[in-house]
Amino acid sequence: MNPKIKKALQDPYFACELVLNRLARFIDDEHFVRWKYYLNFRKKLDLDNPQTFNEKLQWLKLNDRHEEYTQMVDKYEAKKYVANLIGEEYIIPTLGVYDSFDEIDFDKLPNQFVLKCTHNSGGIIICRDKASLDVPEARKQMTKWLKKNPFWTNREYPYKHVKPRIIAEQYMEQEDGESLRDYKVLCFNGKAKLIELHRFRYTERQTQDFYDTEWNKTTISQGGGFIDASDKLYPKPDNLDKMILLSETLCADMIHCRADWYSIKGQLYFGEITFFDGSGLDAFDNMDDDFLLGSWIKLPK
Numbered sequence: 005m006n007p008k009i010k011k012a013l014q015d016p017y018f019a020c021e022l023v024l025n026r027l028a029r030f031i032d033d034e035h036f037v038r039w040k041y042y043l044n045f046r047k048k049l050d051l052d053n054p055q056t057f058n059e060k061l062q063w064l065k066l067n068d069r070h071e072e073y074t075q076m077v078d079k080y081e082a083k084k085y086v087a088n089l090i091g092e093e094y095i096i097p098t099l100g101v102y103d104s105f106d107e108i109d110f111d112k113l114p115n116q117f118v119l120k121c122t123h124n125s126g127g128i129i130i131c132r133d134k135a136s137l138d139v140p141e142a143r144k145q146m147t148k149w150l151k152k153n154p155f156w157t158n159r160e161y162p163y164k165h166v167k168p169r170i171i172a173e174q175y176m177e178q179e180d181g182e183s184l185r186d187y188k189v190l191c192f193n194g195k196a197k198l199i200e201l202h203r204f205r206y207t208e209r210q211t212q213d214f215y216d217t218e219w220n221k222t223t224i225s226q227g228g229g230f231i232d233a234s235d236k237l238y239p240k241p242d243n244l245d246k247m248i249l250l251s252e253t254l255c256a257d258m259i260h261c262r263a264d265w266y267s268i269k270g271q272l273y274f275g276e277i278t279f280f281d282g283s284g285l286d287a288f289d290n291m292d293d294d295f296l297l298g299s300w301i302k303l304p305k
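Sequential numbering from 5 applies to the sequence shown in this note's numbering.
Any given hint could turn out to be false.
[What the hints assert, rightly or not] Label pairs and their calculated CB-CB ranges: (1) Leu27 x Lys47: 20 to 26 Å; (2) Asp232 x Asn25: 23 to 29 Å; (3) Ala19 x Gln174: 38 to 44 Å; (4) Glu107 x Glu179: 29 to 35 Å; (5) Asn25 x Asp106: 24 to 30 Å; (6) Ser234 x Glu179: 16 to 22 Å; (7) Glu179 x Ala142: 23 to 29 Å; (8) Gly270 x Gly126: 25 to 31 Å; (9) Gln174 x Lys197: 50 to 56 Å.
[As the list claims (entries may be wrong)] Using 30 Å as the maximum straight-line C-alpha spacing, the simulated DSSO-like pairs for lysine-lysine come out as follows: (10) Lys164 x Lys151; (11) Lys164 x Lys48; (12) Lys197 x Lys47; (13) Lys144 x Lys134; (14) Lys47 x Lys305; (15) Lys47 x Lys152; (16) Lys195 x Lys164; (17) Lys302 x Lys195; (18) Lys84 x Lys48; (19) Lys269 x Lys188; (20) Lys269 x Lys112; (21) Lys197 x Lys48; (22) Lys164 x Lys188; (23) Lys84 x Lys134; (24) Lys305 x Lys221; (25) Lys302 x Lys164; (26) Lys152 x Lys48; (27) Lys167 x Lys112; (28) Lys167 x Lys152; (29) Lys144 x Lys47.
Since the hints were derived computationally from the structure, they do not count as laboratory data. Just so it is clear, the structure is predicted and the values come from calculations on it, not from any experiment. Even glycine gets a Cβ: it sits at the ideal position worked out from N, Cα and C.
Could you build the full structure based on these sequences and the hints that come with them?
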């Protein structure tokens, strides 16, 4: 049985969300956001006086819309934006840009590389050995992703007009051979306040920890049974201060913004910019943390 159908039979809220997504193009933005929030949190969304982090992200989806955000979330165009602000040395090399999977000439790609969709989150294929890559399956997955506009199912406006393409990037890994450690710097009204550390992404071992800007591990968590916090205190990155400074540069003058980084052999590499961490739909294990992060977002009156 299809996993989604199985889950829908067990969880009526999930079943309703599947129906909502099917009807997405026929529902206006505000009503869609309200329904999506309700089905995820089992409570009404307060857009008149939002207080929590997740409530305020829904408010921002509807009210903080700027054309330049489209370039900033486009996986290919964002590289130009970021390089212009902070320099080319922070950009992961691009090996190719394609409008469709069939344009990719695998003979011209190295043995290891990464394929990403430019217009969504999570549309990624990591190739560690070209000889063992299942090309038909990769084509099937990428073609499926290219056909979907993620704006409709979460109403994150920056993604609405991003041109769906595929980019091939240089394969990167930590110097110890571990998959990339993802440092996500959350900025509030231009000021970095919190850092998410993700390890072992795209595996069942993935962990998510929250650190403050002095690299003190906090008790904040959003596991919900899906991504657990680790039981370890990981070393502070040597370039943490630079990571924070660059994040604040990229997120300057924005109500809320997250800048993602990789740190390899002391060199920082830009990952992506996003405006809606978890699309404002990831519950905090402690509700007080939702209010705490919400208090850091100062909305315009």
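Cβ separation of Glu107 and Glu179, checked against the hinted range 29 to 35 Å
33 Å, holds
Below or equal to 30 Å on CA atoms is what counts here, so check Lys152 against Lys48.
Holds. Lys152 to Lys48 sits at ~28 Å (cutoff 30 Å).
Compare the distance between the alpha carbons of Lys84 and Lys134 with 30 Å, and conclude whether the hinted pair is satisfied.
With Cα atoms ~28 Å apart, Lys84 and Lys134 stay inside 30 Å; holds.
Evaluate the given range 25 to 31 Å for the C-beta pair formed by Gly270 and Gly126.
28 Å, holds
Given hint Lys48 paired with Lys84 - CA-CA distance at most 30 Å
40 Å, violated
Proposed proximity, Lys152 with Lys167 (alpha carbon, max 30 Å)
Between Lys167 and Lys152 the Cα gap is close to 11 Å, so the pair holds against 30 Å.
Lys197 and Lys47 were given as a pair; does the straight-line alpha-carbon distance stay at or below 30 Å?
28 Å, holds
Check whether the Cα positions of Lys167 and Lys112 lie no farther apart than 30 Å.
Holds: Lys167 and Lys112 sit about 24 Å apart, inside 30 Å.
Between Asn25 and Asp106, is the Cβ distance one that fits in 24 to 30 Å?
28 Å, holds
Would you mind confirming whether the straight-line C-alpha gap from Lys144 to Lys47 stays at or under 30 Å?
Violated. Lys144 to Lys47 sits at ~37 Å, over the 30 Å cutoff.
Taken at face value, is the distance from the CA of Lys188 to the CA of Lys269 at most 30 Å?
Given pair Lys269, Lys188 holds - Cα atoms ~18 Å apart, limit 30 Å.
Tell me if the straight-line CA distance from Lys47 to Lys305 falls inside 30 Å.
Holds, at about 24 Å.
Violated hints for the displayed structure, listed by number in ascending order: 9, 18, 24 and 29.
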